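Q: Keeping their order, the protein sequence lines are chains A and B.
All residue numbers for the first sequence refer to numbering that gives the first Met the number 0, where the first residue is 0 and numbers rise by one.
All residue numbers for the second sequence refer to numbering that gives the first Met the number 0, where the first residue is 0 and numbers rise by one.
Quick caveat, the hints were computed from the structure, so don't treat them as lab data.
As the structure is a prediction and not an experimental result, all values here were calculated from the model.
SDA-like, lysine to any residue: derived pairs with alpha carbons at most 20 Å apart:
| hint | chain 1 | residue 1 | chain 2 | residue 2 |
| --- | --- | --- | --- | --- |
| 1 | B | 126 | B | 94 |
| 2 | B | 139 | A | 176 |
| 3 | B | 226 | B | 236 |
| 4 | A | 173 | B | 90 |
| 5 | B | 126 | B | 91 |
| 6 | A | 173 | B | 83 |
| 7 | B | 167 | B | 83 |
| 8 | B | 139 | A | 200 |
| 9 | A | 173 | A | 161 |
| 10 | A | 173 | B | 88 |
| 11 | A | 173 | B | 132 |
| 12 | A | 173 | B | 89 |
| 13 | B | 139 | B | 124 |
| 14 | B | 211 | B | 15 |
| 15 | B | 139 | A | 174 |
| 16 | B | 305 | B | 315 |
| 17 | B | 126 | B | 175 |
| 18 | A | 173 | B | 82 |
| 19 | B | 7 | B | 216 |
| 20 | B | 139 | A | 177 |
| 21 | A | 34 | A | 243 |
Residues on chain A that point at chain B, a partial pick, calculated with CB under 7 Å:
| hint | residue |
| --- | --- |
| 22 | 178 |
| 23 | 185 |
| 24 | 186 |
| 25 | 188 |
Backbone N, C-alpha and C fix where the C-beta goes; we use that ideal spot for every residue, glycine too.
As a plain string of letters, each chain reads:
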Amino acid sequence: MSRRWREISVSLPSLLWLTLLFLIPTVLVLAMAFKPSDGYGGMGPGWTLETIRSLRNPSYPAIIGRTLGLSLLTTLLCVVLAVPMGYYMARTQRIWRQTLVLLTVVPFWICFVVRVFAWKHLLHPDGFIRHGLLALGLIAPDTMLLYTTGTVMLVLVYSHLPFSILPIFAAAEKFDFQLMEAAMDLGATRWRAFTHVFLPGIARGIGTAVLVVLIPALGSYVIPDMVGGTESEMIGNKIAQRTFGDRNLPHACALAALLTVAVLGPLMVMVFGKGRSGTAEKSVGGVV
Amino acid sequence: MNDFLEFKNVSKRFGTVQAVDNVSFSVKRGEFFSLLGPSGCGKTTLLRLMAGFEQPDNGSILLDGQDITQIPPNQRAVNTVFQNYALFPHLTVRENIAFGLRVARRPRQEIDAAVTEMLKLIQMEDKADQRPNQISGGQKQRVAIVRALINRPRVLLLDEPLAALDLKLRQRMLLELDLIHDQVGITFLYVTHDQGEAMSLSDRIAVMQGGKIEQIGIPAEVYEAPKTSFVASFIGDTNFVDGTVTALPMPNYCRVRVEGLGEILCYNDKQKAVGDRVNLSLRPEKFHVTLEQPQEDARLNVLRGKVENIIYAGNHTRFWVHIGERRIATYHQHRRYHLDEKPIRWEDEVWVWWDADSGYMLDDYAPLLEERGITPPPETIHSANGKEQRI
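For reference, chain A alone in the conformation it holds in the complex (with noise of 0.2 Å):
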């Protein structure tokens, strides 16, 4: 009985944190979204399905595969860019590998709006990398660098890759290195001990990474709004554009229901199917 109790009072304090933090608000979202609106911004008396039926509009269909795909590839590049920089900085002296960790975590310093906006800015039509590229024939006239999809992909990029950096290196640094000599030593080349020892041995750093990429980048709404066009939207900015725009919480609520669940159903699927639990609680998500 004892020991029910102390399992009980171990873990009580992060059941209240995730049901206070997570759970009552995630609740909250999905039970406004059968709210009807009321056209204030606030919601009418009664419950209904209306707004649920109205994300049959064919356009978000649209903007969830975006999001999914421009979230997955950002996560990807962020990934396939991380790993590299993570070896080279676990394997290279100290005072070096200071100085690079020091670089990764500067750009941190400075407000998240204003280095999205500095992307504006150097890739504004007018900007010297325009006019650069366009003076060295490697751009056509027409071509725009601001206000497209690729640009968010850029920005999505650079704005996450220090948090796929950080943990990467961080498991890289606990890899044991003479792993690697190991397997050369029984036969192994270097790319092969690279992509079968030391590529699993830090698996963990690199399933932190895919976490904690990918699930901000569902959620982006800034760098979209800011350096993308209208063929650019995530789910993001359609969340924000019915909450501020439209004045209508029901069917942003609904839209965020959507993208929780179009999450958290392959997370499930993939913690559970694996038989593990434990990194469940970092998919805690939401709007940027």
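Since the structure of chain A is already known, use the hints to place chain B on it.
A: Relative to the frame of chain A, chain B by itself:
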């Protein structure tokens, strides 16, 4: 047949440290060859050069007549057993052992057969599907050995493979290693700082110090006939005694006057002449310590001393005897148990005697280890120039 593996004038420097200094030696086919020395002596660097993880600054390494110095590690017919085993944590025991053959893209049946055979060799068939963190240290050790053996290397490199095991397990693994060496017939290059391991396993031992090889020989040679004071003190315990040759009373023997000890007779295989300074190593177990005076014998050194300290160690007793101005460490084996034998006690006046053949003349004259900047391993007893060192 001779010189299967050859190191020729190999040097390697790391920054300001000359890790390996112009080392040349050769290993015979099928031999169990040990590199023995304290940490930092260059033995592990030699092994890494052999494995291909490091490139020598100078010199070459020949395997069966072929220069392998430039060949990368994954193409050398050489495999390594790492000190901390370096088993792949994400693979099972079976997958770890199979790694070398998988990389070599051998057919599946061949891999399965070879792995099963190896599992049988180390009697771990039941652990085949466990991961490295689920098996014991001794089991990890065995897996590491057969993982390295499965590619049928021409030379197996072992880097302090028993260092992480406890004493009993180490002793059992010693026997097992010996057995595996006999069974597979592969040349073993074994790196260790443990003289006991090296002595009990090796066909030959190279004793290293400061990036150089001090002596190569069979275990009995390096123990009984150490060339230098370093070898004498690193392998086993010894008393260092320095003196001047005063006479050559009979062929192959000389009399040596040792300050503060007296005149002693010594085997003179170095053909020293009268007036030469010599350095002797007198192993503690060569001495006899008795209360009765021994019978006269021309080849016996007999000295009188006072027992200063006694340590009973079960199979032998250690006596430290003050003779003249020096202190000599002696080990007395209990060959027979005499209940009524009068025991030797503290402060007893005793006779200390030994056969002249038992003292060994070193190549280097009296360079005390401390003066050469060498810290002797613990347990070493040496007293020379009247100074007492640690016991």
